[in-house]
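Go by the hints and put chain B onto chain A.
Protein chains in written order, with my numbering: chain A, 1 to 263; chain B, 1001 to 1122.
These are computed hints drawn from the structure, not numbers from a lab.
Some hints could be false.
Part of the chain B face toward chain A, derived, beta carbon under 7 Å [claimed, not checked]:
| id | residue |
| --- | --- |
| 1 | LEU1054 |
| 2 | ASN1065 |
| 3 | ASP1068 |
| 4 | VAL1069 |
| 5 | GLU1083 |
Predicted model only: the values in this text are computed from it and were never measured.
For every residue, glycine included, the Cβ atom is placed at its ideal position computed from N, Cα and C.
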Amino acid sequence: MKTNQPINQSTGSPITLLTNQLINQTLHLADTALILGQRNGEWCAHGPILEQDIAITNITLDLIGQARNFYQYAATLINASENKNETEDSLAYLRNEREFKNLLICELPNGDWAQTVLRQFLFSAYQELVLEKLKNSSNEQLAAIAAKSLKETQYHVKWSSEWVIRLGDGTTESRDRMIKAIDTLWMYTGEFFIPANYELTEVHLLKETWFQKVRSIFEEATLAVPENTFMQSGGKSGIHSEHLGFILAEMQILQRTYPGAEW
Amino acid sequence: MNIQVKKFYYGDIPEENTGGTNPENNYAQENSWPLWEVFIRSKQGLDHKHAGSLHAADAAMAIENARDVYTRRQEGVSLWVVESKYIHASNPDDAEMFYEPAADKVYRHPTFYDLPDEVKHM
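Chain A on its own, in the form it takes in the complex (with noise of 0.2 Å):
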């Protein structure tokens, strides 16, 4: 009988949909924390002063051992479905702009200190739900990259959160500088609870938790939260903005010209 089932090439057993769905979330996972990494880490030596560089460069090292973690478990489960040799490296060298399914505000340019910190915060606040969601996941894979990555997003909400407030209820250039930060981020919240149709945890239904924790910020910063703004969507199913092209030709060009190269 014949069937437009894939079929795994060493074990002859179809792939499921379940499979593919596991992939493409884990891929997810990995694509946001590593494109914020590499955004998050332009500021290396850029700091407005040493030990905020630090602070922001610390982040950046635990967003790229997450992606890490999720990339090799995710070459584990292609290898597993379709006879490929993927890695770690591999996923995040080798693919290209629309195969990269991140979040598109962790694509944006830094912008200032404001906006940087603010993305933070709206990011992270974000992923601190999802990671805790899966934590409780039944795949024990993803439970345990969640449950050690919780711990370090916890404090990145902290640090970030902080942040908000100092520059919010600070100076009027702080606050002007936040006030725009809001104007220019605020648009790509919204993605984070649309849906895609691998995911496993039921984002939307943490949108209600993550926006009682930003208003409480928020107020505490003596900033407004935006109403009816127009959202963008499109990262998690592949369609970027022209900055991810950009991104990916800094970070992939070494590996796409010495493939291969290690140092």
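Quick look at chain B alone, frame taken from chain A:
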């Protein structure tokens, strides 16, 4: 004549957009963040030891900066920070009268007692 040379490297962030290096605006700003001394307890049961200093706007930021700067390699399980201005130090000029008189008073060391074998951890 005071000429300010501006450096621009490809891909670099112009100096007026970075912190710290431009004396006109950012240097003064950096100096306005007070200095803090950092003490780290490396594991439970040990004392907090002085590790270094850093800049921070307030105590909460000082703790977090200390976490990021001084405990990246698992150096600690507990942190203290105190603003440097609250530390009072002995005057180096007093060193002779402060410390040298102790040099010939060996009897202050508990080395003239025979410890019984039963006493451990001394």
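A quick look at each hint next to the structure:
1. LEU1054: holds (5 Å)
2. ASN1065: holds (4 Å)
3. ASP1068: holds (4 Å)
4. VAL1069: holds (5 Å)
5. GLU1083: For GLU1083(B), the interface hint is violated, since the closest Cβ of chain A sits about 15 Å away, which is over 7 Å.
Hint 5 from the earlier list is the only one contradicted by this structure; the remaining hints agree with it.
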